[in-house]
Structures are given as structure tokens and as C-alpha cells.
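Student: Sequence:
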Amino acid sequence: SFREEIAKFLTYYARAAKPLNPEHITVMNGCCAVFATLSTVLCDPGDGYLIPAPYYGGINSKTWLYGGIQPVHVPLFSEVTDKESHPFQLTVEKLEDALQSAKKQGTRVRALILINPHNPLGNIYPAQLLKECLEFAHRYELHVIMDEIYMLSVYDGTTFTSVLSLDCLPDPERTHFMWGFSKDFGMSGIRVGVLYTRNHEIRKAVNQLAVFHSCPGPVQHVLSQFLRDRDWLDNVFFPTNKKRLKEAHNILVDGLADVGIPVLKSSGGLYVWADFRKFLKSQTFEAELELWQKLLDKKLLISPGKAFYCYEPGWFRLVFSDSVDKIYLC
Numbered sequence: 015s016f017r018e019e020i021a022k023f024l025t026y027y028a029r030a031a032k033p034l035n036p037e038h039i040t041v042m043n044g045c046c047a048v049f050a051t052l053s054t055v056l057c058d059p060g061d062g063y064l065i066p067a068p069y070y071g072g073i074n075s076k077t078w079l080y081g082g083i084q085p086v087h088v089p090l091f092s093e094v095t096d097k098e099s100h101p102f103q104l105t106v107e108k109l110e111d112a113l114q115s116a117k118k119q120g121t122r123v124r125a126l127i128l129i130n131p132h133n134p135l136g137n138i139y140p141a142q143l144l145k146e147c148l149e150f151a152h153r154y155e156l157h158v159i160m161d162e163i164y165m166l167s168v169y170d171g172t173t174f175t176s177v178l179s180l181d182c183l184p185d186p187e188r189t190h191f192m193w194g195f196s197k198d199f200g201m202s203g204i205r206v207g208v209l210y211t212r213n214h215e216i217r218k219a220v221n222q223l224a225v226f227h228s229c230p231g232p233v234q235h236v237l238s239q240f241l242r243d244r245d246w247l248d249n250v251f252f253p254t255n256k257k258r259l260k261e262a263h264n265i266l267v268d269g270l271a272d273v274g275i276p277v278l279k280s281s282g283g284l285y286v287w288a289d290f291r292k293f294l295k296s297q298t299f300e301a302e303l304e305l306w307q308k309l310l311d312k313k314l315l316i317s318p319g320k321a322f323y324c325y326e327p328g329w330f331r332l333v334f335s336d337s338v339d340k341i342y343l344c
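Mapped onto my numbering, the consecutive letters of the sequence shown carry residue numbers 15 to 344.
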């Protein structure tokens, strides 16, 4: 079955601590559906979930769709405070501050969402930080939703640690994993999202909603063939994909550097997080939008930081998963 193939695939490529159980997998028509159904099951209307900001803005509408769940931002900033820190760094202290602030405002926080590799920052959570975040969630009995949709789009040799690879989770019943085909396989229009959770009650409830988000049988059949061809994946597809991503990334970063635009160091995803602040007329989101419009008028479409709930105007996400010729043209 499709779920069996997915279980074998994720066991191997996520370096899972133990073989994944196909019965713990729910397949839907995209990760948007996974966010919508899972958040509805985990939370009551008006509840909140912690999420480091900036983050992929599309999550908000999905978590609001059925259950009226609201984000509780964990603001990250570009300022480096000491030799040990780096721009937009997540820490447990920042999670703690955001949680306590939400409590004071009367918001009941039920979950923590982590995107790894991160969108739009492109960075990867070190294993130690990942464990600390899981311990933090366990202390406060929070569910953890791990969005690892860019799991196999790591291109510079950086070690990626999937939550599935951790041997001793602090709270396995409250830890939920998401992945999809759209990014790592370049199949954005083929809507397939995967939820893996050991929690039987959560899975049972999600499956009641999943019937409205089913993945077509022919799509499951075709993708099963992809997953079975381990030789092609290991020796052709993934090496070629990572090589092209790295090449495109380097061309874009070097080109931006030539015109004085720094980027956040990244090693995962299909994009870079670039600093356009010096080109703003004023350090406001209105000026950011004005710059975005000027670039769009020149037929260059990039994403402004406000779309990702960034707290600093002037940061933009630039996607580089295109032909080298087009990147040079930009």
C-alpha cells in the first residue's frame, strides 16, 4: 500500500530510530490539509500555538479554517547579541517568554509548530536545540507539530536531524511529524501530505476529517513507484537535485553580494532570506511594500518579510529553484 511505501521511505531517509508503522500514517491532499485537520483536533476555538516568526504565512489560514486557532508568535530578530548567537536564532528562553506572555493575555497555548528546515530562513535546527524544544514542550504538556517538508532539500552537507531519528522522545504521544512530496520531489501541483503520529486518539480524530482531503488512488499508485525505486533516488534524483540546488543557491548569493545585498546563511530549502533594509526609504513595512512593488514592476517577484510575519521590515525571501539562466537574468 501507499502508506507502507511511505513508511519504508521515511524510515530510510529520515534515519528513523525504529521502523515506522504504516498504521500511524495518514495521507491527505497536501500539508495544508494536514495543518487544518491536526490543529482542529489538537485545539479548541480561540486556543493558540507557538510558532517562531518569521514563518511560512500560509499556516495561519489553515489553522484558522476549521478550528479558529490563532498563532502565538515567538519573535526572532537579526541582531546578534554575543559571539555565540546568530541572526534570527531560536532559543528555549524565547519560547518561554512567548508562552508566558500569551498566558498573561488569556490565551491557552496547546501546541508548538517548528519548521525544519526553516521557511523562510533556510536554516536547520541543530539536534541539541531540537531536543531542548521538545523538552520545553513536554514540560508544559504542549503538542509539537514538526513540519519537515524540506527534509531532503538540504544541499551543502549540513547534518539534518529529523524528529523521527530521535531515539527517546520526551513525549512521543504529543509529537507529530509532517512531510509532503511537493518540495523534495518538485511536485507542487501533486497534492500529497503525510502525517505520522503515534497517538491513536489523535489519529482517529484526524482520519474523520481526512475523508474530505483524500489523495486520489492513481496519484498514490504512481508515487508508490517513485518511492520503491531506491536505486534511482539514491544515485540519480537526490544527488542531482542537491547539486542543482547548491549551484543555484551559490549563483544567487554571489550575485546578491555583488550588489551589496547580504543573505542569512542557509543550507536547506529552495530560497534565501536576503537583507534589503538599506534600500528602504524608511524602516517601515510601508517602505518594504513600496520596494516590493518596484521590483514587481520590473518583473521580479520576490516575497516581502511581512508575508512571513517578520518583525523587521526590509527582509525578503528569494526562491532559486529555477534554471541557472533565469537566475543570472534576475
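Please keep in mind that the hints were generated in silico from the structure rather than gathered at the bench.
A portion of the hints provided could be inaccurate.
Said to hold, decoys possible - Lysine-lysine pairs mimicking DSBU-like chemistry, simulated, CA-CA at most 30 Å apart:
{"id": "1", "residue 1": "K256", "residue 2": "K218"}
{"id": "2", "residue 1": "K97", "residue 2": "K320"}
{"id": "3", "residue 1": "K32", "residue 2": "K22"}
{"id": "4", "residue 1": "K32", "residue 2": "K218"}
{"id": "5", "residue 1": "K256", "residue 2": "K279"}
{"id": "6", "residue 1": "K108", "residue 2": "K118"}
{"id": "7", "residue 1": "K145", "residue 2": "K118"}
Unchecked claim - Simulated restraints, written as ranges between beta carbons of each label pair:
{"id": "8", "residue 1": "D181", "residue 2": "E304", "range": "49 to 57 Å"}
{"id": "9", "residue 1": "R258", "residue 2": "D181", "range": "31 to 39 Å"}
{"id": "10", "residue 1": "D181", "residue 2": "Q222", "range": "29 to 37 Å"}
{"id": "11", "residue 1": "D58", "residue 2": "I316", "range": "31 to 39 Å"}
{"id": "12", "residue 1": "K118", "residue 2": "Q239", "range": "52 to 60 Å"}
{"id": "13", "residue 1": "P89", "residue 2": "M201", "range": "30 to 38 Å"}
Cβ coordinates follow ideal geometry from the N, Cα and C atoms, glycine included.
Student: Against each hint, give a clear statement of whether it holds in the structure.
Tutor: Hint check:
About 37 Å separates the Cα atoms of K256 and K218, which puts this hinted pair outside 30 Å; it is violated. Restraint check: the Cα-Cα separation between K97 and K320 comes to about 28 Å, which is no more than 30 Å; the hinted pair holds. For the hint linking K32 to K22, the alpha-carbon distance of about 11 Å falls within 30 Å, and the restraint holds. With a C-alpha separation of about 22 Å, the suggested pairing of K32 with K218 holds against the 30 Å cut-off.
Distance hint between K256 and K279 is fulfilled; the C-alpha atoms sit about 17 Å from each other, no more than 30 Å. For the hint linking K108 to K118, the alpha-carbon distance of about 16 Å falls within 30 Å, and the restraint holds. With a C-alpha separation of about 27 Å, the suggested pair K145 and K118 falls inside the 30 Å cut-off, and the hint holds. A C-beta distance of roughly 50 Å is found between D181 and E304, which places it inside the suggested range of 49 to 57 Å.
The beta-carbon spacing between R258 and D181, approximately 33 Å, falls within the hinted interval of 31 to 39 Å. Take D181 and Q222: their Cβ atoms lie about 32 Å apart, and the range 29 to 37 Å holds. For D58 and I316, the Cβ-Cβ distance of about 38 Å falls inside the hinted range of 31 to 39 Å, so the restraint holds. Hint check: K118 to Q239, Cβ distance near 53 Å, so the stated range 52 to 60 Å holds.
For P89 and M201, the hinted distance range of 30 to 38 Å is satisfied, since their beta carbons lie about 33 Å from each other.
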